[in-house]
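**Q** Throughout the sequence shown, residue numbering follows our numbering, covering 29 to 210 in sequence.
Source of the hints: derived by calculation from the structure; they are not laboratory data.
Be a bit skeptical, because a hint or two may be false.
Per label pair, the in silico range of CB-to-CB distance [stated by the list, open to error]:
(1) Gln108 - Glu170: 29 to 37 Å
(2) Arg182 - Glu98: 14 to 22 Å
(3) Thr195 - Pro84: 15 to 23 Å
For lysine to any residue, the following SDA-like pairs were computed, each having C-alpha atoms within a straight-line distance of at most 25 Å [claimed, not checked]:
(4) Lys192 - Asp165
(5) Lys171 - Glu196
(6) Lys192 - Arg135
(7) Lys192 - Ser90
(8) Lys171 - Asn119
(9) Lys100 - Asn87
(10) Lys192 - Tyr117
Just so you know, even glycine gets a beta-carbon here, dropped at the ideal spot from N, CA and C.
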Amino acid sequence: MAIIGRKNLSHRFGIFTYINESELLKEIEASSHQRDILSEDAYMRESRQNLSEIIPRHNALSNEFCEWLESKGIMPSQEQRQVDVQFEYQNESYLIEIKITYGLSTRQAIREAIGQLFEYNFYPGRHPSNRWGILLDTEPSEKDIEYIRRIRERFDLTLFLCWKSETEFSFDYASQMGFNGI
């Protein structure tokens, strides 16, 4: 198990590859007459500093959301099969991907979450959920909400955004998602 900042990383975060420097970039710098090309071999999703900050925020938001659901009589599960939060409500299955926007915009966080939601619902061996949510630690912009609405309508997906407000959790599509009265 890897340790970052005196904290053990869970199995979920144990497969990161950190790349300090790209060999391809060294070759490009050494030869000034080469055309500009995009690096194909080096990609760092998170720096060690960002990851060590994101993990506690992610876990805290997950715990808060699950406590909030429990206070509404909903029994969620956390971190099962790499899915942040899952639960059943009014005979519908929900899958929630949590995104901490630390160092990212909400747009980037939403982009990453959508890919994960598709994987968790359609990768071989997975069982699709009826409703898909993206839980952000920051209130989304009007453009973010419009973007999700367009995807929802264009592809007939039950995709929604939620975020932590001061004392509650807010949803962009609450009435249609069955969250009225929660």
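**Q** Tell me, in ascending order, the numbers of any earlier hints that this structure violates.
**A** When the structure is compared with the hints, numbers 2 and 8 turn out to be violated.
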